[in-house]
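J.: Chain by chain, the residues:
6 protein chains.
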Amino acid sequence: MIYVTRKEHFNAAHKVWRADWSEEKNTEVFGKCANKNWHGHNYDLYVTVKGNPNPETGFVIDLKYLSKLIKSEIIEVLDHRNLNLDVPFMAGKMASTEILAIEIWKQLAPHIVTHGCNLHSIKLYETENNFVEYFGEKII
Amino acid sequence: MIYVTRKEHFNAAHKVWRADWSEEKNTEVFGKCANKNWHGHNYDLYVTVKGNPNPETGFVIDLKYLSKLIKSEIIEVLDHRNLNLDVPFMAGKMASTEILAIEIWKQLAPHIVTHGCNLHSIKLYETENNFVEYFGEKII
Amino acid sequence: MIYVTRKEHFNAAHKVWRADWSEEKNTEVFGKCANKNWHGHNYDLYVTVKGNPNPETGFVIDLKYLSKLIKSEIIEVLDHRNLNLDVPFMAGKMASTEILAIEIWKQLAPHIVTHGCNLHSIKLYETENNFVEYFGEKII
Amino acid sequence: MIYVTRKEHFNAAHKVWRADWSEEKNTEVFGKCANKNWHGHNYDLYVTVKGNPNPETGFVIDLKYLSKLIKSEIIEVLDHRNLNLDVPFMAGKMASTEILAIEIWKQLAPHIVTHGCNLHSIKLYETENNFVEYFGEKII
Amino acid sequence: MIYVTRKEHFNAAHKVWRADWSEEKNTEVFGKCANKNWHGHNYDLYVTVKGNPNPETGFVIDLKYLSKLIKSEIIEVLDHRNLNLDVPFMAGKMASTEILAIEIWKQLAPHIVTHGCNLHSIKLYETENNFVEYFGEKII
Amino acid sequence: MIYVTRKEHFNAAHKVWRADWSEEKNTEVFGKCANKNWHGHNYDLYVTVKGNPNPETGFVIDLKYLSKLIKSEIIEVLDHRNLNLDVPFMAGKMASTEILAIEIWKQLAPHIVTHGCNLHSIKLYETENNFVEYFGEKII
Chain A
1140 MIYVTRKEHF NAAHKVWRAD WSEEKNTEVF GKCANKNWHG HNYDLYVTVK GNPNPETGFV
1200 IDLKYLSKLI KSEIIEVLDH RNLNLDVPFM AGKMASTEIL AIEIWKQLAP HIVTHGCNLH
1260 SIKLYETENN FVEYFGEKII
Chain B
1140 MIYVTRKEHF NAAHKVWRAD WSEEKNTEVF GKCANKNWHG HNYDLYVTVK GNPNPETGFV
1200 IDLKYLSKLI KSEIIEVLDH RNLNLDVPFM AGKMASTEIL AIEIWKQLAP HIVTHGCNLH
1260 SIKLYETENN FVEYFGEKII
Chain C
1140 MIYVTRKEHF NAAHKVWRAD WSEEKNTEVF GKCANKNWHG HNYDLYVTVK GNPNPETGFV
1200 IDLKYLSKLI KSEIIEVLDH RNLNLDVPFM AGKMASTEIL AIEIWKQLAP HIVTHGCNLH
1260 SIKLYETENN FVEYFGEKII
Chain D
1140 MIYVTRKEHF NAAHKVWRAD WSEEKNTEVF GKCANKNWHG HNYDLYVTVK GNPNPETGFV
1200 IDLKYLSKLI KSEIIEVLDH RNLNLDVPFM AGKMASTEIL AIEIWKQLAP HIVTHGCNLH
1260 SIKLYETENN FVEYFGEKII
Chain E
1140 MIYVTRKEHF NAAHKVWRAD WSEEKNTEVF GKCANKNWHG HNYDLYVTVK GNPNPETGFV
1200 IDLKYLSKLI KSEIIEVLDH RNLNLDVPFM AGKMASTEIL AIEIWKQLAP HIVTHGCNLH
1260 SIKLYETENN FVEYFGEKII
Chain F
1140 MIYVTRKEHF NAAHKVWRAD WSEEKNTEVF GKCANKNWHG HNYDLYVTVK GNPNPETGFV
1200 IDLKYLSKLI KSEIIEVLDH RNLNLDVPFM AGKMASTEIL AIEIWKQLAP HIVTHGCNLH
1260 SIKLYETENN FVEYFGEKII
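Residue numbers (my numbering), protein chains in the order written: chain A, 1140 to 1279; chain B, 1140 to 1279; chain C, 1140 to 1279; chain D, 1140 to 1279; chain E, 1140 to 1279; chain F, 1140 to 1279.
Any given hint could turn out to be false.
Chain C regions said to be covered by chain F (calculated; three or more residues, Cβ under 8 Å) [as the list claims (entries may be wrong)]:
1. 1172-1183
2. 1193-1202
3. 1210-1220
4. 1250-1260
If you want a taste of the chain D side facing chain C, the calculated C-beta under 8 Å gives, among others [said to hold, decoys possible]:
5. I1141
6. T1144
7. R1145
8. P1192
9. G1197
10. F1198
11. K1203
12. Y1204
13. K1210
14. S1211
15. I1214
These aren't lab readings, by the way, just hints derived from the structure by calculation.
Even for Gly, the Cβ is constructed at its ideal location relative to N, Cα and C.
Next comes chain A alone, as it looks inside the complex (with noise of 0.2 Å):
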């Protein structure tokens, strides 16, 4: 078993709200990422998937096709824009990494499945000093 990473990035703006508080909770509860006016990132994804290498290629996956993937499913939907008004995949949800990396794996996961290999994990960076995992529902 071997576990193939590919890196790939987006910039979008979002904030930490929830519309059914007052502005004066979300900011109590959430500090300056509740700034009404939005604020945004540099988003840095590790989409990590495993499986056993192809005998008469060496590949677990096609790495072409993995980056064509993630930027098909996740980067043309994230990159510049809002996560919280302009991602049919977050309507309605909290945007934040711990949520969104969650969303991330629901979109690539089922496409992973039908190449010979399984997603291991979602990885995603807020910023250099902040970022989640996710490896979906199994217990690691």
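Here the structure of chain A is known, so what remains is to put chains B, C, D, E and F in place on it, guided by the hints.
T.: Frame of chain A, contents of chains B, C, D, E and F only:
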């Protein structure tokens, strides 16, 4: 003469957009940077000061002071904000990295000169792939 | 289950040295790391916490809280200090990166568990080429 | 149990290519990685060893020894070489990052185990955007 | 005057080698860089353009244009290629980083000047430890 | 004219401290950098040399030579040492990054000029957030 640099960072939302243009014209000229609902970045800011080391301390400028100055004058104003809507010194200006670097220079230069040294450059990274440098009005 | 990581850093002096050995023996075993007048590093510390996102906030843990906790319990104690001489929780212990990571775990774990999640790992970089990870007593 | 990692690097040429396929088929499957006149990379190699710290030294493994071992067994053999033509342990194998990581594991694991600890993983970056990890035959 | 930089990258094989010298002489002068079967690098290329921001757009140069220009003129020609064998503008020249930077300047400068600004520098990283800068014929 | 840079690094202890001042005055002026039991850093050193490429080799300077020179004259003297106590060329001087950069210049410049090129700059990182540059006595 020694050049001393301090790096700070901030996360902000912006769009590259002219209010006197239609959405179509903005998109035609600025591409995805004109997304009307904003996008954002993790900006890295490098402030370089030049002068001679003080014989008593060995310092051109006290970096604790320089860091506090950048934080109070720039980071507090830009971090977790919208560059187009929330920043007094960017009001009515294009929120390009070029213009932002020039305006940061204008905020900092008068403070530096009172400490026996001079502001040399503002280097501002919008992403790891795009950055600008400004050296004030002199020609280098 | 989501894994959330916060990075902090500190600069410290240390030597790898046993007081019950001669200088010769220390140098023979530890090489230049045993320089009797100390040397030092810029340490990068990654603290990873695991749990389920709170449905109300979308957060596993409030990163503002986690950052403050690491700063008050660890960075205040280690930054710009001598790991062998100045740090109560390292007293009488070898100042290796391995031992330091274990002791940082012991300082932080009791605080994390009171916030409805668990400490998952301490990752400590001594240089960009050397780092250690500790996952507590459990076997992973 | 503590996990200790040492990073080393090497620069090498390779192509992803099957001699039993035509140039057209190689290009169709491997794209520009099959350029017949080679291309190359700055590879970063992370070797992780696990064990308990020695109570006398505080070390899981002497990193000076680990660095020397990686240099003598791996870097001397791969650095400024052609992975397809110059490397005995890659002879007759696909020069993919996956296969190279597995072969590096096979070279290092027997040496590590004689030092009272175990090889945990080989992490190999081909570029900053593409990397693989191998944990030996066990399932993690 | 503002300086705007765009970073791009490419992966290539090369050797530092004179065909009019014996293999022994090449190895004596160029060391392991003369490995006859090639080696390679992940090159990072920084292209800096200088000019005044356009009052209408706030841009010195449209970075989407600059990125496309570097990709079409340089990256398409160098990426996943052999610098000694595959690159028309390097034919008959030493494949050192210095010479490569000068030749990249010659390819790009005529295009930049047609956009109302000037090429300022080419900065080319061969590894993170070795890089060169070229500012054209003028003396800085 | 081409500018060629080599990066090396060293790890050292220091304190910013005047022996003719009380501990209280040292702390008042230098803050935590004056911790009497030292602290330390991973320093990154960039040495830039300028000249014309040799037509025979394509090199401004042989980087193997430059790396060896920096290692023998600087890294051997500074690495895993105490800048205040162990370094002959820093004796009696403030151990600030500014002064250290100037003294490194003085050590290296006479060697570079004997190779048909000139030292252009010393760039010294104390942390990723603080660095200095020195260009010798000339005004740039």
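J.: Now, for every hint given, state plainly whether the structure supports it.
T.: Consistency of the hints with the structure:
1. Judged by the Cβ-Cβ criterion of 8 Å, the segment 1172-1183 of chain C is covered by chain F as claimed, because 8 of its residues qualify and three suffice.
2. Against chain F, the segment 1193-1202 of chain C contributes 0 residues with a C-beta closer than 8 Å to a partner C-beta. That does not satisfy the three-residue criterion, and the hint is violated.
3. A count of 3 residues in the segment 1210-1220 of chain C with a Cβ less than 8 Å from any Cβ of chain F is obtained; the coverage claim is therefore met, three being the minimum.
4. With 0 residues carrying a beta carbon less than 8 Å from a beta carbon of chain F, the segment 1250-1260 of chain C misses the three-residue requirement, and the given coverage is violated.
5. Taking 8 Å as the C-beta cut-off, the interface hint given for D:I1141 holds, the closest approach to chain C being about 5 Å.
6. The closest approach between the C-beta of D:T1144 and any C-beta of chain C is roughly 5 Å, which is under the 8 Å cut-off, so the hint is satisfied.
7. For the restraint placing D:R1145 at the interface with chain C, the shortest Cβ-Cβ distance is roughly 6 Å, inside the 8 Å limit, so the hint holds.
8. Interface restraint check for D:P1192: the shortest CB-CB distance to chain C comes to about 4 Å, inside 8 Å, so the restraint holds.
9. Taking 8 Å as the C-beta cut-off, the interface hint given for D:G1197 holds, the closest approach to chain C being about 3 Å.
10. Interface hint at D:F1198: satisfied, since its Cβ lies 6 Å from the closest Cβ of chain C, which is below the 8 Å cut-off.
11. Annotation: D:K1203 was flagged as interfacial toward chain C, and the flag holds, the nearest CB pair being 6 Å apart, inside 8 Å.
12. With a cut of 8 Å, the hint placing D:Y1204 at the interface with chain C is violated, because the nearest CB-to-CB distance is about 10 Å.
13. Look at D:K1210: its Cβ only gets to about 12 Å from chain C, farther than 8 Å, so that hint breaks.
14. Interface restraint check: D:S1211 against chain C, minimum CB-CB distance 17 Å, threshold 8 Å, status violated.
15. A least Cβ separation of about 13 Å between D:I1214 and chain C goes past the 8 Å threshold, and the interface hint is therefore violated.
Comparing the model with each earlier hint shows violations of hints 2, 4, 12, 13, 14, 15; every other hint is respected.
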